[in-house]
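As they're listed, the protein sequences go chains A and B.
In this text, residue positions in the first sequence follow the working numbering: the first is 467, and each later residue adds one.
In this text, residue positions in the second sequence follow the working numbering: the first is 102, and each later residue adds one.
Be a bit skeptical, because a hint or two may be false.
Beta-carbon label-pair distances, calculated as ranges [unchecked claim]:
| id | chain 1 | residue 1 | chain 2 | residue 2 | range |
| --- | --- | --- | --- | --- | --- |
| 1 | B | V107 | A | L496 | 52 to 58 Å |
| 2 | B | L180 | A | L496 | 20 to 26 Å |
| 3 | B | I380 | A | V471 | 42 to 48 Å |
| 4 | B | D235 | A | K748 | 37 to 43 Å |
Output of the computed footprint for chain A on chain B, the stretches with three or more beta carbons under 8 Å from beta carbons of chain A [stated by the list, open to error]:
| id | region |
| --- | --- |
| 5 | 174–183 |
| 6 | 217–227 |
| 7 | 232–246 |
| 8 | 329–342 |
For the chain A half of the interface with chain B, some residues (derived, Cβ under 7 Å), not all of them [claimed, not checked]:
| id | residue |
| --- | --- |
| 9 | Q479 |
| 10 | L503 |
| 11 | A505 |
| 12 | P510 |
| 13 | I554 |
| 14 | Y624 |
| 15 | I625 |
| 16 | I628 |
| 17 | Y632 |
| 18 | S639 |
| 19 | G805 |
| 20 | V812 |
| 21 | E815 |
To be clear, the hints were calculated from the coordinates, so they are not data collected in a lab.
All residues carry an ideal CB built from backbone N, CA and C; glycine is no exception.
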Amino acid sequence: MRSPVRFERRLEQPKWLNWAIPVLSLVAALVLGAIVLLATGKNPIEVYDRIFERGFAGTRALSGSIKTATPLAFTGLCAAVAFRMGLINIGGEGQFYMGAVGATWAGLAFGNDLPTGVLVIVMSLSGMLWGGFYAAIVGVLRAKFNTNEIITSLMMNYIAAIFLNYLIYNSTSYWRDPKSRNFPAGKPIPKRADWNVYEIFGTRIPLSFLIAVMAAVGVWVLYKRTRFGFEVGVIADSPKAARYAGIRTSSTIIIVLALSGALAGLGGAADVGNFRGLLDSKGLQMSGYGYTGIVVAALARFNPISTIVVAVLIGGLTNAGFALQGPDFPSGLVGTLQGLILFTAVAGEVLVRYRIRRNRRTVAVAA
Amino acid sequence: MNSNLVVIIAASAIFYGTPLFFAALGGIITERSGVLNLGVEGTMLLGAVTGAWASQHIPGSAWFTVLASIFIGMTAGALTSALLAFLCVTLRTNQTVAGLAITIFAGGVGLSSYFANIWKVAEGPVDRQIRKFDVLGLGDSPIVGPIIFNQTILTYVSWVLVIGVSFYLFRTRFGLQLRAVGESPQTADAMGIDVVKYRYVHTIVGGALAGLGGVYYSLAIVPTWVNGMTRGAGWIAIALVIFGFWRPGITLLGAYLFGALQSLGSTLKARNVNISGDILDALPFFMTIVVLVLISSRFAHRRLGAPASLGVPYEREER
């Protein structure tokens, strides 16, 4: 059997692919999504129109989308940082929870004593430490025992979720509101520990979104402009060459995973400081920021700066999903669309590596 | 004697281990061909939701409905992994990311919950279930009764499959060729084996088994639909493939070990044993990590039987 097309490996990757692939992926995902919608008896144009209206049209929609985009930007960066080294950290979810735990602790402990500006820093650092350490465990196992980081990081998501439940529902921990007897809830951090929200041209921009942008620039600089970033690149491309060059592979693995987890943890801190104001066990587990972050990073082709842009895009989609949820906009639809986007982004990579040529019919005479 | 704690744990280890085994067996078949399927969790959930739907809606006698539900769940799993095969084999994408895409697409907040929502699966119980039955009236016999003679039909199917798949992998020409494809597709191709066909077929069969594991969840374990009801079973199954050294027999034992861990919480709680439920809930996940560390550290350099080309796309042009 002769296939109608053949793949030719590209010798160099043209620059225009960097934006063409994500755009094409999105369009293809929307087309596939339309098929799913049609097959289940919905009008795709109507659904997409409403998603756009609720996600992006006007300052109110945009404010909501940026709010939803903020945690995704952090978890997206978390996935992107690790993937740059060929490490698949799907533990962003658990590292995000741990960051939230750490930041809530800092907010509760120092909330009444420190000025807001210092509190933001203390909460961020605490969140990064918790998230970073949690991911570093995966890093140590990978570096010292060569244990597959994909499965361990995922298992640790479940463990972190159980830990959250323990803190809020099944114990009288420091994080639980003692006033909540019948309906257990987290203890709110003092008002002074709330992070700022700025208003720019009517659009509300939380401080943590700006922090995410700075973090993205920081990651970009780290990977493109420093010796460490160069070494990470060498390890990713050729572990053997890295060993010959005397690069310490195992400590680099641990550092990269810790950094990746610290970014997710910072997202958790932002979740507490800028948005929820307490450790919301159920809310965190229902959001699935970590998993969506993987979609964000993949569509951004693991580039930190594009990750921010894509986060706003996916944030808008998610935000519209929340706003529209109801009988004629079933939950799970947004997740399905995100999955489709991930598919098409993955499939789009084939265009980066290969040129697809038609096999001429005349050649296939041999019968 | 049959209410002895050990007997109960052993019986529920088999009951809860069976779906893990189906998914892991699917994983073995898929990975032996050199394709890594990280989409097992999502595939199981799609099998579970379609199976639950079928059980609620297909008319006819109870056994016919259950049989049809199993078939539909397996078909859903097969279709899902056909998509994976298209991405990994035809488009030669990164298999890790492609598998993750399947799990995110089909998983707890994706297509499976979308289907559950529009089909209103969660609104009623899944009445027509896969029930345990008493084999030859031996279910009451001491010790072995509840453990061996009082399980669901699928458990007995799984025992047949252990032997069948082991025979297929290690005693038939197809199995030999399959392993060749997983070890060195270049060599297999040179011998005239159709690498692409082998990878497609075995990925799809593996997906059907994952779907079967999913149906077991919605029809035998949990009587009503809950979004994301497999709770990481697909991922544990992936770890079990490694734990079982890519061999069905050892994997079966591993599945029962994890089945015991998963059921330990509810069993002990029913007995009023005073252990924190959270620790018991976390145990399977924690043990998966421990097991992975042990395996990867001690034998990492002595090859365990991982197919050499696992996860590597085959590019014929670059042979």
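(request) Against the earlier hints, flag every one the structure doesn't satisfy and list their numbers going up. (result) The structure conflicts with hints 3, 5, 7, 9, 10, 11, 12 and 18, although it agrees with all the remaining ones.
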